[in-house]
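Residue numbers (my numbering): 160 to 485.
One should not assume that every hint holds.
[What the hints assert, rightly or not] With beta-carbon atoms standing in for the labels, derived distance ranges:
id, residue 1, residue 2, range
1, Ile418, Tyr162, 46 to 56 angstroms
2, Tyr162, Gln210, 15 to 25 angstroms
3, Ile418, Asp380, 22 to 32 angstroms
4, Leu388, Tyr162, 28 to 38 angstroms
5, Val413, Asp438, 12 to 22 angstroms
6, Ala314, Asp448, 18 to 28 angstroms
7, Ala472, Arg228, 42 to 52 angstroms
8, Asn441, Ser219, 44 to 54 angstroms
9, Thr479, Pro404, 18 to 28 angstroms
10, Gly383, Glu215, 52 to 62 angstroms
11, Glu378, Lys355, 34 to 44 angstroms
In case anyone wonders, no lab produced these hints; they're calculated from the structure.
The beta carbon of each residue, even a glycine, is placed where N, CA and C say it ideally should be.
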Amino acid sequence: MKYGQRTVLDIGELSLEAGKVLGILGPNGAGKTTLLEILAFLQPPTSGELQFNGKEVDFSNNGLIQLRRKVVIVGQHPILFTATVSKNLEYPLGIRKLPRVNRARIIEELLDLVGMRPFQNSQAHRLSGGETQRVAIARALACSPEVILFDEPTANVDVENQIAIERIIQEINREKGISVIFTTHDMIQASRLADKTLFLFDGKITHSTYENIFHGRIELDDNGGKYCLIQNRLRLGVHTSKEGPVRILIDPTVVKVTIDEGAGTKENTFCGKLLQLTDESNRVRALVDVGIPLSVLIPKEQFKNMCLSPGEAVCLTCPTESIKII
Numbered sequence: 160m161k162y163g164q165r166t167v168l169d170i171g172e173l174s175l176e177a178g179k180v181l182g183i184l185g186p187n188g189a190g191k192t193t194l195l196e197i198l199a200f201l202q203p204p205t206s207g208e209l210q211f212n213g214k215e216v217d218f219s220n221n222g223l224i225q226l227r228r229k230v231v232i233v234g235q236h237p238i239l240f241t242a243t244v245s246k247n248l249e250y251p252l253g254i255r256k257l258p259r260v261n262r263a264r265i266i267e268e269l270l271d272l273v274g275m276r277p278f279q280n281s282q283a284h285r286l287s288g289g290e291t292q293r294v295a296i297a298r299a300l301a302c303s304p305e306v307i308l309f310d311e312p313t314a315n316v317d318v319e320n321q322i323a324i325e326r327i328i329q330e331i332n333r334e335k336g337i338s339v340i341f342t343t344h345d346m347i348q349a350s351r352l353a354d355k356t357l358f359l360f361d362g363k364i365t366h367s368t369y370e371n372i373f374h375g376r377i378e379l380d381d382n383g384g385k386y387c388l389i390q391n392r393l394r395l396g397v398h399t400s401k402e403g404p405v406r407i408l409i410d411p412t413v414v415k416v417t418i419d420e421g422a423g424t425k426e427n428t429f430c431g432k433l434l435q436l437t438d439e440s441n442r443v444r445a446l447v448d449v450g451i452p453l454s455v456l457i458p459k460e461q462f463k464n465m466c467l468s469p470g471e472a473v474c475l476t477c478p479t480e481s482i483k484i485i
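Full structure from sequences and hints, please.
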């Protein structure tokens, strides 16, 4: 996908399985929103082709209207009509030409699903950000879609609404069989909700081992050596000719994990709290808060001897070969 001469998305091939939840991770500017807009048939790719249910999508065809009812997108800042919550949900039901006698029941069921039934007669423009997001989800569901796309669904909501929205995503997938694709910056959220996670960086799908992608700045230390200051929190010694702002990749397959708190005195070793463990076929993914969230992939044979549990204090060592600077 190009905007003028600038390539913003360069994906050789991507296949998404029906009935699953896909999480798309990546920094700002990675191409996540552009990918969602293509998948929602809102803009055609400048090259290549897009298929839905095995058939090529013709972006000049009037059939796009039907496709856009099967695949709906809930944006980061959804806009509701200046009307009641119920009226916002009634509109797509009218477009679908559902009998009026059935609409009230469907609206109540959808509002129950998103926990917003007490607000059905409220003016939509007076809702909070999280409440607006939940009504927007209900309105999307009123189209009876096969796929729902979410662009950063919990980025601008409070904790209460974040919990509610994550529950909604799980419920519409498990109970209704709707495929879900969502973008997020939150690795923990992605591992919690998604069956599969995809990592975008500079418009390309990267290997999952390169999920630790951060913005940083190369600076000189007192001895003339260089270090990368990541998010103004973590100071990582590096060997590079670059200076100033950079993007840095930390390979989670090379990072070493230890429970020896004395290891924190070693170079590029950081101690923190083990947040989460996720089973992934022949390895275990550990998410550790060391001032920034770092993901580590541990071979299962090695993990069996480590006796790790979430909440424990651990230390991570980032060898030189684990660090790649862009």
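Hints, one by one, checked against the model:
For the pair Ile418 and Tyr162, the beta carbons lie near 48 angstroms from each other, so the given range of 46 to 56 angstroms is met. About 23 angstroms separates the C-beta atoms of Tyr162 and Gln210, a value consistent with the hinted range of 15 to 25 angstroms. Taking 22 to 32 angstroms as the suggested C-beta distance range, the pair Ile418 and Asp380 conforms, at roughly 28 angstroms. Range check, Leu388 to Tyr162: about 31 angstroms between beta-carbon atoms, so the 28 to 38 angstroms window is met.
A C-beta distance of roughly 20 angstroms is found between Val413 and Asp438, which places it inside the suggested range of 12 to 22 angstroms. For Ala314 paired with Asp448, a C-beta distance near 20 angstroms keeps the hint of 18 to 28 angstroms intact. Look at Ala472 against Arg228: about 51 angstroms separates their beta carbons, and that is inside 42 to 52 angstroms. The hint said 44 to 54 angstroms for the Cβ distance between Asn441 and Ser219, and at roughly 46 angstroms that hint holds.
Separated by about 21 angstroms at the C-beta atoms, Thr479 and Pro404 satisfy the suggested range of 18 to 28 angstroms. Hint check: Gly383 to Glu215, Cβ distance near 58 angstroms, so the stated range 52 to 62 angstroms holds. Distance hint check: the CB atoms of Glu378 and Lys355 are about 37 angstroms apart, consistent with the given range 34 to 44 angstroms.
Comparing the model with each earlier hint shows no violations; every hint is respected.
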